[in-house]
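K.L.:
The residues making up each chain are set out below.
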Amino acid sequence: MAACVEIRAAGKTYGSARGPVIALSDVSMDVAEGEFFSLLGPSGCGKSTLLKCISGLEGISTGGIRVRGQALSGPPKGLGMVFQRDVLLDWRTILQNVLITAEFQGRPTAEVIDRARALLERFGLGAFQDRHPWELSGGMRQRASICRALLCEPEILLMDEPFGALDAMTRDDLNVELTRIWQAARRTVIFVTHSIAEAVYLSDRVAMMSAGPGRIVEIVAIDLPRPRPLSIRETPEFARHVAHIRGLFAALGIVKE
Amino acid sequence: MAGMWSGSAGLRGTLGVLLAVIALWEAAVWVLAPPPIILPPPSRIWVDFVEAPGYFLRNSWYTLSTTLAGFALSVVLGVGLAVAIVNSRLAERIIYTLLVALNSLPKVALAPLFVIWMGTGVEPKIAIAVMLAIFSIVVDTVLGLRSVDPDAIALARVNHASPFKILVKIRFPNALPSLFVGMKVAISFALVGAIVGEFVAGSAGLGFVILVAQGQFDTSRVFVALVLLGILGTILFYIVEAVERLLLPWHVSQRAVARPDGH
Ligand SMILES: Nc1ncnc2c1ncn2[C@@H]1O[C@H](COP(=O)(O)OP(=O)(O)O)[C@@H](O)[C@H]1O
Ligand SMILES: [Mg+2]
Numbered sequence: 000m001a002a003c004v005e006i007r008a009a010g011k012t013y014g015s016a017r018g019p020v021i022a023l024s025d026v027s028m029d030v031a032e033g034e035f036f037s038l039l040g041p042s043g044c045g046k047s048t049l050l051k052c053i054s055g056l057e058g059i060s061t062g063g064i065r066v067r068g069q070a071l072s073g074p075p076k077g078l079g080m081v082f083q084r085d086v087l088l089d090w091r092t093i094l095q096n097v098l099i100t101a102e103f104q105g106r107p108t109a110e111v112i113d114r115a116r117a118l119l120e121r122f123g124l125g126a127f128q129d130r131h132p133w134e135l136s137g138g139m140r141q142r143a144s145i146c147r148a149l150l151c152e153p154e155i156l157l158m159d160e161p162f163g164a165l166d167a168m169t170r171d172d173l174n175v176e177l178t179r180i181w182q183a184a185r186r187t188v189i190f191v192t193h194s195i196a197e198a199v200y201l202s203d204r205v206a207m208m209s210a211g212p213g214r215i216v217e218i219v220a221i222d223l224p225r226p227r228p229l230s231i232r233e234t235p236e237f238a239r240h241v242a243h244i245r246g247l248f249a250a251l252g253i254v255k256e
Numbered sequence: 000m001a002g003m004w005s006g007s008a009g010l011r012g013t014l015g016v017l018l019a020v021i022a023l024w025e026a027a028v029w030v031l032a033p034p035p036i037i038l039p040p041p042s043r044i045w046v047d048f049v050e051a052p053g054y055f056l057r058n059s060w061y062t063l064s065t066t067l068a069g070f071a072l073s074v075v076l077g078v079g080l081a082v083a084i085v086n087s088r089l090a091e092r093i094i095y096t097l098l099v100a101l102n103s104l105p106k107v108a109l110a111p112l113f114v115i116w117m118g119t120g121v122e123p124k125i126a127i128a129v130m131l132a133i134f135s136i137v138v139d140t141v142l143g144l145r146s147v148d149p150d151a152i153a154l155a156r157v158n159h160a161s162p163f164k165i166l167v168k169i170r171f172p173n174a175l176p177s178l179f180v181g182m183k184v185a186i187s188f189a190l191v192g193a194i195v196g197e198f199v200a201g202s203a204g205l206g207f208v209i210l211v212a213q214g215q216f217d218t219s220r221v222f223v224a225l226v227l228l229g230i231l232g233t234i235l236f237y238i239v240e241a242v243e244r245l246l247l248p249w250h251v252s253q254r255a256v257a258r259p260d261g262h
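Same order as they appear, the protein sequences are chains A and B. Mapping the first sequence onto numbering that gives the first Met the number 0, position 212 (from 1) lands on 211, and the numbers just tick up by one. Mapping the second sequence onto numbering that gives the first Met the number 0, position 54 (from 1) lands on 53, and the numbers just tick up by one.
The set of hints was computed from the structure by calculation and includes no laboratory data. All values reported here derive from a predicted model rather than from experimental measurement. We put the CB at the ideal spot given by N, CA and C, even for glycine. One or more of the hints may lead you astray.
Residues on chain A that point at chain B, a partial pick, calculated with CB under 8 Å [as the list claims (entries may be wrong)]:
#, residue
1, Leu56
2, Leu78
3, Met80
4, Arg84
5, Trp90
6, Phe103
7, Gln104
8, Asp129
9, His131
Please build the complete structure, drawing on both the sequences and the hints.
P.N.:
What follows is the structure, given as structure tokens:
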């Protein structure tokens with residue numbers, strides 16, 4: 000498959016009041032078209048920074064990033080983004096919050112309103128489309144923010160710890176829903192998490208990152224068959240992948256055994 | 000309960016307190032019998048009002064319209080300045096410096112200058128009202144425009160939204176609650192400004208009524224004007240609050256009121 004995102008020797012240094020902070024150093028990786036790719040690592044290792052650089056929101060200091068062959072200068076077309084916090088706007092209903100993606104892009108909302116409704120229906124929010132964000136639970140809000148990211152059919156979906164603030168059960172639900180829609184649409188997903196099990200369950204490949212300065216230490220392929228039911232997490236193959244990654248992190252002194 | 004007028008029980012409580020104060024005042028004047036020029040009883044104040052309601056209401060209307068004009072102008076100018084401040088460092092430096100300098104001057108001291116410039120009509124009064132009211136509008140609107148979730152801006156930028164769209168769809172609605180905080184302060188300041196203007200050069204308005212009554216040592220009429228001012232200020236404040244409740248049913252501070260059934 001063709002490379003969708005190519006990163007070559009990318010480095011990122013933030014200027015701050017206490018001097019320069021090296022957030023990323025010499026990161027190289029390729030993400031294939033249609034691949035589910037995870038960035039896994041402890042907090043502060045530069046996962047969000049790398050995602051922001053791929054999205055074109057932050058420029059890199061050294062090296063290069065190409066998205067579908069184009070060198071980045073600002074956000075490329077066809078990106079969808081989901082953050083850890085849902086960033087729903089309190090003054091808009093759930094449906095209006097989903098539609099804002101089209102409004103931002105200057106597309107008439109009439110073109111996408113049916114799709115917005117269908118997406119909400121699919122994520123179990125059909126009955127809540129005219130409610131306001133504060134009337135919904137955390138899991139429902141995050142579902143709405145995923146609908147918002149998917150509205151204009153992005154070719155690349157960037158997700159920064161989207162389920163990090165949710166309880167374990169809601170998180171399981173959303174993991175299943177996410178794999179289901181990914182399976183159906185086969186878009187490229189770059190997914191940030193600090194949960195090894197989540198990364199293994201969702202991904203085709205997992206890039207393990209380490210801090211000081213932020214870099215990729217290893218890229219692990221997850222060859223578990225798809226579709227993956229939740230129960231796959233109890234299989235020995237799954238446990239082997241998790242143990243392998245945990246072992247690598249431990250050997251590098253990134254996590255304690 | 001969120002606002003003091005949000006239930007009939009709250010309203011009854013407020014009225015009860017007011018009536019008790021009036022009764023106590025009346026009783027105290029009867030018992031202590033101070034000279035009427037120092038403190039007239041509420042009954043006397045009422046009689047004075049009823050003797051010339053047209054005079055008092057006409058002048059109240061004058062003060063009210065000056066206040067509203069000053070307030071409206073402050074909101075329009077203040078929001079405009081706030082948008083400029085948020086969008087340009089240079090504008091921020093210039094406008095903030097001037098505003099802070101202006102705000103640290105006692106506006107009463109500037110009032111005569113406005114009369115020299117604009118005459119003795121309604122214009123200098125509106126100008127003084129604006130000078131008093133605009134500061135809180137600008138400061139609170141700037142705060143609201145700035146305190147936007149950076150992720151919301153990131154989301155807009157990823158979708159190639161123009162700065163104007165970000166202003167209209169995110170920054171401005173986000174600033175509305177803060178703007179209303181500023182407006183609730185500004186409406187009272189606009190009233191103060193109108194009165195100051197009438198004190199300095201006026202031939203109408205409640206400030207003028209107070210000056211004339213003072214010249215005649217008619218303390219009771221001074222009190223009529225004061226009571227009317229109090230009523231005016233209170234009503235204006237609650238009107239702003241009511242508009243806020245109408246426009247911002249989504250805001251945290253309004254939810255208990257907007258949805259008493261707790262959905
Ligand atoms: N805007 C910024 N300015 C300065 N330093 C930053 C900024 N954003 C992130 N950093 C620093 O870069 C490093 C990586 O941060 P981040 O990418 O948020 O890590 P992660 O998402 O893995 O937790 C951290 O040391 C953080 O303090
Ligand atoms: Mg992060």
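K.L.:
Look at each hint and say if it fits the structure.
P.N.:
Hint-by-hint comparison with the structure:
A least Cβ separation of about 5 Å between A/Leu56 and chain B falls short of the 8 Å threshold, and the interface hint therefore holds. Satisfaction of the interface hint for A/Leu78 is found here, the shortest Cβ-Cβ separation to chain B being roughly 5 Å, below the 8 Å cut-off. For A/Met80, the interface hint holds, since its Cβ comes within 8 Å of a Cβ in chain B; the closest pair sits about 5 Å apart. Hint on A/Arg84 holds. Least Cβ distance to chain B is approximately 6 Å, under the 8 Å limit.
Interface restraint check: A/Trp90 against chain B, minimum CB-CB distance 5 Å, threshold 8 Å, status holds. Below 8 Å, beta-carbon pairs count as interface contacts, and A/Phe103 has one with chain B at about 4 Å; its hint therefore holds. With 8 Å as the threshold, the beta carbon of A/Gln104 comes within range of chain B, its nearest partner Cβ sitting at about 5 Å, so the hint holds. Hint status for A/Asp129 relative to chain B: violated, with the closest Cβ pair at about 12 Å, above 8 Å.
Contact between A/His131 and chain B, as hinted, is supported at the beta carbon level, the nearest pair being about 6 Å apart and thus within 8 Å.
Of the numbered hints given earlier, the model fails hint 8 alone.
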